[in-house]
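A.B. asks: For reference, the chains in residue letters:
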Amino acid sequence: GQNIDQPTEMTATEGAIVQINCTYQTSGFNGLFWYQQHAGEAPTFLSYNVLDGLEEKGRFSSFLSRSKGYSYLLLKELQMKDSASYLCAVKKTNDYKLSFGAGTTVTVRA
Amino acid sequence: DSGVTQTPKHLITATGQRVTLRCSPRSGDLSVYWYQQSLDQGLQFLIQYYNGEERAKGNILERFSAQQFPDLHSELNLSSLELGDSALYFCASSAQDRGTYNEQFFGPGTRLTVL
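Sequence lines, in order, name chains A and B.
Heads up: the first sequence begins at 1 in our numbering, then just goes up one per residue.
Heads up: the second sequence begins at 1 in our numbering, then just goes up one per residue.
So that you can see chain B by itself, here it is in the shape it has in the complex:
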């Protein structure tokens, strides 16, 4: 158990819909990262927040957005869903913003299926 929690574990929805994925980082971690992992593909970085502020953006679609709240939990919002958005979405957290060693701890993931 990494200490990072994600809900829900599974989500099945239809095209065109909107969903929200939730992540709670490890106690004390200020950074939260979101990744997408499609079938047979590697982890694709989406976005990172540090202490409530957006810090880095990767290959995140305009239909996707995220935020980090004062209690440090984060939500990833996916809208106008398409079949290709079906994937595992992982949240990770780390203690430090910068630094030589910044191990990321991953949550169990949310499996999104768009029908």
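Next comes chain A alone, as it looks inside the complex:
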């Protein structure tokens, strides 16, 4: 199986930048997803990386290094509504499911 590690909690101030790291160990890597989940709600898709490099989507960016088994999600210009859990998930070649990390709870303070 995959070992997917991400920090449990992070706190940042409104307007600041936060970087959430995710490391994984897997064979047959075929993509990494980031999802946002507000408490008690469904996860919603944020980003997908399968090739090395940075993908930018508005205030959110995601980076992948396959050789290092490493990804990060960068949240810029933090808003109070960004307080949520951020889930890193890995997909393997010819596998049907996503394997999720335990999630990082981000708290944005005024």
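What you were told as hints is all true, and nothing was included just to trick you.
Listed below are several chain B residues computed to face chain A (Cβ distance under 10 Å; list not exhaustive):
#	residue
1	6
2	42
3	43
4	44
5	45
6	48
7	58
8	94
9	107
10	109
No lab work stands behind these hints: they were computed from the structure.
All values reported here derive from a predicted model rather than from experimental measurement.
No residue lacks a Cβ here, since even glycine has one placed at the ideal position from N, Cα and C.
Given the structure of chain A, go ahead and fit chain B onto it with the hints provided.
C.D. replies: Structure of chain B alone, referenced to chain A:
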């Protein structure tokens, strides 16, 4: 709104009972996935169906079973319920069975409370 629907939204039952959770995927999606999320835990993959057939199994207990019907909706059956089964159960759907990009869209979840 992801387009995935789940019913019921909340379910409260007693130990030893059996419940059925229902999921309708997004229009056109053939794959359905079930996940369990206990308090303070990540999403645990349970099982996946593709066009009516079971395709992958995760950490699903023998007391749990699922199926996908010809109209592509899916049901997750939980029996002999225990207190530890209390959790959020999510259904997700995706368009493709395999492929490089297989984004999963999640339903709103069913919160199961076993008393």
